[in-house]
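Asks: Each chain is listed here by its residues.
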Amino acid sequence: MTVSVDQFKNYDGHAQRERPPEDPELTHVGISTPCGEYLRQFWHGIALSEELTDLPLEIRIMGEDLVLFRTSDGEIGLVHRHCAHRGASLKFGRVESDGIRCCYHGWKWGVNGALLDAGAEPKDSPLYGKVRQGAYPAIEYKGIIFAYMGPGDSVPEFPVYDTFEIPDTEMVPYTCTFPCNWLQVTENGIDPVHSMFLHTLVNGPQFFDTWGVLGDVDYFEGDISIYCTIARRVEDNIWMRVQENILPNITQSGAVHTADGKSIRYFGRNTFFRWCVPVDDTHTKVVAWANFGPRTDPIEGSSPENIEILEQGDVFDRPADELQRGPGDYEAMVGQGPIVVHAKENRATSDKGVSLFRRRLREDVRAMGQGRRPVQPTAFGAAPVPTWSGDTVLEIPAKGDIEDRQLRAQTFDQAIKIFSDAQALRADERDTFITERLKALEAAGGEAIHATT
Amino acid sequence: MTVSVDQFKNYDGHAQRERPPEDPELTHVGISTPCGEYLRQFWHGIALSEELTDLPLEIRIMGEDLVLFRTSDGEIGLVHRHCAHRGASLKFGRVESDGIRCCYHGWKWGVNGALLDAGAEPKDSPLYGKVRQGAYPAIEYKGIIFAYMGPGDSVPEFPVYDTFEIPDTEMVPYTCTFPCNWLQVTENGIDPVHSMFLHTLVNGPQFFDTWGVLGDVDYFEGDISIYCTIARRVEDNIWMRVQENILPNITQSGAVHTADGKSIRYFGRNTFFRWCVPVDDTHTKVVAWANFGPRTDPIEGSSPENIEILEQGDVFDRPADELQRGPGDYEAMVGQGPIVVHAKENRATSDKGVSLFRRRLREDVRAMGQGRRPVQPTAFGAAPVPTWSGDTVLEIPAKGDIEDRQLRAQTFDQAIKIFSDAQALRADERDTFITERLKALEAAGGEAIHATT
Amino acid sequence: MTVSVDQFKNYDGHAQRERPPEDPELTHVGISTPCGEYLRQFWHGIALSEELTDLPLEIRIMGEDLVLFRTSDGEIGLVHRHCAHRGASLKFGRVESDGIRCCYHGWKWGVNGALLDAGAEPKDSPLYGKVRQGAYPAIEYKGIIFAYMGPGDSVPEFPVYDTFEIPDTEMVPYTCTFPCNWLQVTENGIDPVHSMFLHTLVNGPQFFDTWGVLGDVDYFEGDISIYCTIARRVEDNIWMRVQENILPNITQSGAVHTADGKSIRYFGRNTFFRWCVPVDDTHTKVVAWANFGPRTDPIEGSSPENIEILEQGDVFDRPADELQRGPGDYEAMVGQGPIVVHAKENRATSDKGVSLFRRRLREDVRAMGQGRRPVQPTAFGAAPVPTWSGDTVLEIPAKGDIEDRQLRAQTFDQAIKIFSDAQALRADERDTFITERLKALEAAGGEAIHATT
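Chains as they are written, first to last, in my numbering: chain A, 195 to 647; chain B, 195 to 647; chain C, 195 to 647.
One or more of the hints may lead you astray.
Where chains are identical, the list cannot tell them apart; a pair therefore holds if satisfied intra-copy or between any two copies.
[As the list claims (entries may be wrong)] Here are the simulated SDA-like cross-link-like pairs (lysine to any residue), alpha carbons at most 25 Å apart as the crow flies:
#	residue 1	residue 2
1	Lys538	Leu251
2	Lys302	Lys546
3	Lys546	Ala314
4	Lys302	Leu246
No lab work stands behind these hints: they were computed from the structure.
Bound-form chain A, shown alone (with noise of 0.2 Å):
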């Protein structure tokens, strides 16, 4: 056998060779770390409410290693695990009607980190008003507990959406991990690029076919979100749908399983509301709700038993080969290697929300190295906090006298003018005005209409 070298010609693996390090200042979420501290600012979902019985539960979050319990009045606590007195996990300890008791010494612990027994020490020690353990603020809320893990000083107010109390929906807690840094997770969510090809195209339709045309996709950014918008023609139908990235880690979608722009809808609304949670620097936690109801998923097309199906098309534990043969956003993402390296990336026009993201990531970042805390959700005021994601589909014909793209884009404006226009209203009175004016958008064939507020 003769091998010509000719054919190698070009060939630059060795060249390409070396791996710069990772992006630390938007990957790395360790205790004192610039994005570690940035996170640290924000509530998170961190587990569900049926992860949590009557015994405590290790939980590691952002590097740091907790115990969640919850007393037996109903209170929630979250700690640092190693006791404060000897460093015994309180993993081992017993929960109390006001308290976690380890298990070591007898120390116990209410909710807020105060010593309310000091074991065989003498009842008026005075450990009693020095001691605590290492306690955040933590609430339950609709089958999700959540946890604030910044200053003390400085507790911002609970963030309640729009989205939560969506009339008539159910609201099914879920989780799952994923063995990679939060970033990578969190960026799946603003990339409608993917679903294109990863859940249609590339390994065949994992959702709808009708994901396999990217539609006209653009990307602006708001106060407190970073907004992905497509744009679409069905049939008759223009299918408009909003993807809206919460800073920092929240993804809210459209409807995932029902949406397909073929049939009408005003303000349809997310099939789910996630947090993508650092663990540490290389795991990530998913808590969510998947929503079921009229403005979102019907319960019948998805089933809240396959929480798997509704994150990525498939379920994770299938054989290798099988694996190989239909990734899932699983492997996408955790196939990306435990920290994506962003200095071997070659981002291209498709990938504007990605990098209009980490832009304004890497702002709020350097905002807080500089003493300015990031802006919270409910700081303009409105509750619950209004949002824009979802699909709307409206009756509007192509027209012969307007090229189709433009006509979706125009349609598009006069619909985000509508959210803009209704954010001050309360909930209810901002579903019936938004639905309002969406049909007389439809009436007026995507024209510009006068508002009536």
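Since chain A is already given, all that's left is putting chains B and C on it; use the hints.
Replies: Chains B and C in isolation, oriented as in the chain A frame:
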């Protein structure tokens, strides 16, 4: 839902979030570390005879990878794992009558590390006078294999303690391994407060409910030991227990399973004698004898098959939720983490023994660093080495004219004086002397008596 | 018990306790290490054809994470594991007729790393001329996949050796992986002394009891190889074996399972031809052919299904105590540790081959560091590349008038001269020439003969 953030003031998890490093001076045991070199000054029990078959045994002690073997002539060899010729593991060596032969190129080493056969090298090779396999002194005694890993030019005498030779006592060797630092395991043995809480009050009585009362605890320091004394009133009896931590890593208790202060006992001895030997910085091998006999525990009460019950009151291998509901020493010590961080502790009055032990250990480690080698247990001439641990129960009812706590203290002082007076006697004479004097003390109702020697 | 400490004098485990680091110059193989860059100058067998199905194969070579694939058109691609777009693993890529398409955003790369399709990017994107996936030259040949991972501007000719084309020989590809450094595995092949001890004297004969006699061993250095010659007297025969280590990591032996010196053989060849390819610093993949045929081993004696027997005389996967009682090459090499520490060795005369190999390797690595690239096996013009390894057995009885060791040496010198004289001949002519000359040498009773070419 509205959450008031006021409820979260004083939560200081964030303020306490940093984790300083462990204390290397007391916890790091590897080659050429201060504590490692200090620990290497002593003989340690490192394995059970029954662990050693006709095959070499891989063993790791203080971070050194070793191979332990017994020649067919019955000599014990403890050598560096990698053959001094080309590094093959002597785990795969062939044990012969006078040494171990490496599988790879046939070099044979005696138990003292001498090169007995250099394989394919000439019989008159200069290697024979020059090359040695790293070997440590090792002996086999009453079912346990002991080793000394310090400098070869100053091998200390092997210390035989009085409690190795208690008449009518069955000594059952046992071993178990804990994935945590040696100091955590050792400190557990100098801490009677954990017996009160871990073994009794928090998790229900794992031994006796009498342990739920702490008793009068005190500590004092001897030439080679830290003693912990515990006095309790049990009906008309005064129950005096001495626990003893022989430096650096030996624990002797009282009679764990029998003594409850209800039966009269004169100079009862210890249920176990155990070494807490570092495997490396984060693993510890306990090698011990359990003692069964009239002066320790009766074999009916404790089972030699059930050593874990003896060690910690319950078995190690239980379902996860059972471990959480009824943790034992394993969960308490291992739950502190691979190496407990002293800088995060809040030690208090009830940790006096631990603090005392650490102070003494640090002094001895630092003295070593200045060239002063630690005192050996055999340094005081008496053989076997006299120790004090065990239980004495005297019938001395409470009196009207003296605070009972004072009566107990004064009685214990007298008992300690008796032990001290007997220090230089031969073992059998000593037992008789102590027993008679304790009886006299009992007859005198705890008052000082005149010495009869 | 009294233990005399006198028995322990000269134990020097403590004096020898330090473990210096390994030798990075010869053992570290990662990106931009001296030895790594040197090894990257050569073609290596990296996988078997049968390992590569229609799915991409994750593979790790010299610390680089790669993906190997075969297009449906039959071309072999070896590329960096992470997609040059956003880092998803090409393990989950879809293999197409002309390349591999990333699952995440659909970018497709040719086997040469060219960007063939940039997914959602415009068809006239400037990316097409600019972005490449890191790719390495790779070919498939006789059931083995070969790769070159050095600089793309100087791909060496793929070397075909004479022993790839032995007439009437069945070549059976095989592979196995050892969790230790590449140098340990390579050195095993240059060390006939281990055959004497590991495979024969220490553990009983794993191959032939004749191996228990070392023979006359010598080494010499050629342009591309280190040769080891072994001469033995077997009754009236002189058995001459040449083992050959082609730099940097190829081993060719004689006929492992057949040759015992009892049957006459003229220029018999090697049982295996194997590459010891670093997976990373602490793992090595052997990729090899076993040869079955009249000039190597008959297939009746060795089974292609039982490659481990061929490799080391026994199977790898045995119960722990069986491994200890009868260790093979796996236990010997892996037992040396992940990377053997040369500074702890005591090499001797019988390690001459290993020392010679390391010296030559170090010279070549250092030359590379000074810009001098190593000589390639094809540099001398002859194709296929002539090699010498194998067995020759001539009937030359011992003589009265000459020391037999001297007779063997002189006969071997003549044989080597014959090999050398034949160096420039074409393969078939060369075999005939060598065979005839060896017969003449035999007829002359080992005396020098006149060249007939």
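Asks: Against this structure, judge whether each hint is valid.
Replies: Each hint, compared with the structure:
no.: 1; hint: Lys538 x Leu251; in the structure: between (38 Å within a copy, 21 Å between copies)
no.: 2; hint: Lys302 x Lys546; in the structure: between (52 Å within a copy, 20 Å between copies)
no.: 3; hint: Lys546 x Ala314; in the structure: between (61 Å within a copy, 12 Å between copies)
no.: 4; hint: Lys302 x Leu246; in the structure: within (19 Å within a copy, 46 Å between copies)
In the structure shown, no violation is registered for any of the earlier numbered hints.
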